[in-house]
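2 protein chains.
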Amino acid sequence: MSAVYGGVEGGGTHSKAVLVSAEGHILAETDGPCTNHWLVGVDNCINGINDMVQRAKIKAGLDPDTPVCSLGMSLSGGEQKAAIQKLIDDMRERYPKLSQSYFITTDAIGAMATASDYGGIVVISGTGSNCKLVNPDGTQVGCGGWGHMMGDEGSAYWISHLAIKTFFDARDNLVTSPHDINYVKKAMEEYFQVSDLMGMLPHLYRIFQKSHFAGFCRKLAEGMLAGDALCQHVFTEAGKALARHIVAVLPKVHQDLFSGELGLPVLCVGSVWRSWELMKSGFAQVLSEAQAHGYSHFQKYSLLTLRQSSALGGAKMGAKNAGASLPLDYSANVNVYTNSEFPWSQKDVM
Amino acid sequence: MSAVYGGVEGGGTHSKAVLVSAEGHILAETDGPCTNHWLVGVDNCINGINDMVQRAKIKAGLDPDTPVCSLGMSLSGGEQKAAIQKLIDDMRERYPKLSQSYFITTDAIGAMATASDYGGIVVISGTGSNCKLVNPDGTQVGCGGWGHMMGDEGSAYWISHLAIKTFFDARDNLVTSPHDINYVKKAMEEYFQVSDLMGMLPHLYRIFQKSHFAGFCRKLAEGMLAGDALCQHVFTEAGKALARHIVAVLPKVHQDLFSGELGLPVLCVGSVWRSWELMKSGFAQVLSEAQAHGYSHFQKYSLLTLRQSSALGGAKMGAKNAGASLPLDYSANVNVYTNSEFPWSQKDVM
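Top line first, the protein sequences correspond to chains A and B.
The UniProt record's numbering puts the first sequence at residues 1 to 350.
The UniProt record's numbering puts the second sequence at residues 1 to 350.
Hints may be right or wrong, so weigh each one.
Put simply, identical chains are the same to the list, so a pair is met inside one copy or across any two.
Stated by the list, open to error - Here are the simulated SDA-like pairs of lysine to any residue, each with C-alpha atoms no more than 25 Å apart in a straight line:
1. Lys320 <-> Gly138
2. Lys300 <-> Trp273
3. Lys280 <-> Leu197
4. Lys165 <-> Leu204
5. Lys81 <-> Arg206
6. Lys210 <-> Trp273
7. Lys165 <-> Leu98
Everything labelled a hint here was simulated from the structure, so no lab data went into it.
Please take these sequences and the hints and turn them into a complete structure.
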């Protein structure tokens with residue numbers, strides 16, 4: 001067959017695979033379950049990836065026994081070198097017909113590669129959170145991404161935890177809540193099916209599941225829409241927290257990234273950004289303060305969201321690693337919103 | 001045999017058992033390993049307790065086949081009713097010669113029962129933290145005790161986490177550290193045997209052990225003694241956090257508890273109190289503010305430490321539950337320090 005390049009986006013809830021021609025055209029896309037190897041284990045991870053890519057070959061009318069030229073994977077949990085090498089070794093051994101070469105990067109870098117070959121700042125806020133600056137010269141600077149025990153500020157987990165901790169502390173009279181706690185109390189009791197604080201202990205320890213705990217965030221978003229002040233508060237704090245990740249990497253941003261027409265590009269990835277309306281005041285406040293204090297280059301920024309799976313960026317990076325260059329139409333891959341106004345509605349944001 | 005009452009102190013690292021005569025005299029004491037049933041499981045917990053008490057019977061020259069009148073257990077992790085009932089049912093079934101009756105309370109309440117029959121505030125800071133007010137009428141009000149996912153402020157776990165999080169945030173440029181981070185960096189690398197932040201991830205997730213993580217606190221205490229400002233800072237913050245637990249329950253303190261000669265009795269339990277010298281400025285500051293603002297009754301407090309195992313308080317409560325009253329010499333069970341001066345040296349505090 002003519003050269004075909006594969007890409008994978010591996011998330012904590014669902015995954016995607018894509019096949020791309022040498023001209024950068026999408027030949028087929030498939031979906032699959034979670035392929036975060038920390039969550040489902042190495043076997044399920046590589047089986048899931050193989051299954052998605054093989055189905056995509058068939059969907060594109062290709063011979064499934066012919067390996068693609070390269071497979072570039074953009075994986076959440078794809079940071080540790082030793083773990084990545086083991087994934088690649090296992091895939092190579094178990095599925096020799098899958099691909100000729102393999103490349104794994106993080107979800108953040110894969111997302112950025114989908115949006116631009118020039119760089120920018122990517123801020124992920126899904127179950128967890130993470131931030132990466134990619135400069136035009138390819139150098140990277142990170143902030144966060146340490147998981148719920150040491151960070152995840154501004155993520156769905158963090159928002160859920162902040163609301164519940166505010167409730168616990170108010171009940172203990174340890175810290176006064178800035179707002180009435182009754183909506184959060186009721187929502188917590190319903191979501192976790194508990195009747196008191198003691199009932200939360202299993203959800204925090206014995207049967208703790210980060211994704212389920214983080215899912216409480218949706219109830220808080222509903223509370224905000226119903227006018228609850230504490231729910232508004234936690235999302236405003238999340239907006240601030242995510243913006244602080246951007247401020248953290250600002251000193252390392254190459255000057256050229258500020259000077260484009262859009263100003264500093266900030267790529268927003270993950271489900272929490274769907275609640276942008278709830279977060280934007282906190283987010284804008286922190287960035288305005290940074291603009292006002294000492295970052296003279298930083299006059300303008302734009303927010304970008306992906307219209308394509310970051311499997312596409314994964315495919316591009318996998319191809320590059322194999323010595324090929326995939327021409328992507330970046331303008332078709334992103335939505336762009338500038339900060340002169342905040343035009344996002346919930347519909348706009350994927 | 002004449003009436004003999006048993007008591008157990010069950011901790012996360014070690015345990016103690018005590019046998020007491022009807023006159024309140026200690027007949028024998030034995031030691032054992034961790035009996036926190038959340039940490040070692042129900043089987044190990046009740047086997048460990050049975051072993052300690054049976055050895056104590058022999059040590060006291062008693063027939064091990066004759067049950068003691070009652071066994072009162074003061075257990076860390078002894079809060080949830082269903083779990084407690086299962087422990088008691090299993091003990092009764094498996095060891096019919098152990099005791100005629102059983103009673104389980106928390107480590108906080110057992111400690112208070114060892115120190116006084118009049119009540120006070122007990123503040124535990126060991127691996128985790130917890131605070132309970134016991135009023136003269138026996139009513140209880142708690143603050144904290146929710147474990148490391150939702151509290152533990154001022155505990156060894158929390159102190160360790162605060163220092164490491166300060167280091168992570170400084171390296172990420174997310175939050176500026178109030179002091180130089182180099183001592184904490186070096187201590188962390190040595191204690192956890194890691195060479196970078198990424199190396200900490202297994203210690204936070206895959207091989208996380210709360211007691212090992214909390215043990216890093218000792219290195220921070222050493223750093224403080226070597227003059228490190230960040231180490232001093234985290235212990236000062238711990239002192240504030242523990243004092244805030246006391247302030248949280250102040251509104252529920254019965255007026256009589258303020259009016260004794262000692263002022264409000266605060267019973268300090270757990271290994272972190274050994275670092276009192278490092279914490280006292282933060283602790284005193286928060287209580288002074290509470291004294292200055294609105295708590296007119298609260299003019300004086302005293303700090304108490306136990307000279308006896310809280311197994312003794314457990315024995316007393318177990319006996320009471322079985323209808324007997326053990327006369328304890330409380331003055332022999334505690335050290336008392338008043339807040340007019342802070343006379344504690346590390347030696348004074350057990």
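Outcome of the hint check:
Taking the closest pair of Cα atoms, lysine 320 and glycine 138 come within 25 Å of each other only inside a single copy of the chain (13 Å); across copies the shortest separation is 72 Å, beyond that limit. When the C-alpha separation of lysine 300 and tryptophan 273 is checked against a cutoff of 25 Å, the pair qualifies only within one copy, where the shortest distance is 20 Å, while the shortest distance between copies is 51 Å. Taking the shortest alpha-carbon separations for lysine 280 and leucine 197, neither the intra-copy value of 31 Å nor the inter-copy value of 31 Å comes in at or below 25 Å. Taking identical chains as interchangeable, the C-alpha atoms of lysine 165 and leucine 204 lie at most 25 Å apart whether they share a chain (11 Å) or sit on different chains (20 Å).
Only between protomers do lysine 81 and arginine 206 lie at most 25 Å apart by alpha-carbon distance; the minimum there is 16 Å, versus 30 Å within a single protomer. In the homo-oligomer, the alpha carbons of lysine 210 and tryptophan 273 lie at most 25 Å apart inside one protomer (18 Å), although the nearest pairing across protomers, at 33 Å, exceeds that limit. With identical chains, the CA atoms of lysine 165 and leucine 98 are never at most 25 Å apart, being 47 Å at best within one copy and 42 Å at best between copies.
In this structure, the hints that do not hold are numbers 3, 7, in rising order.
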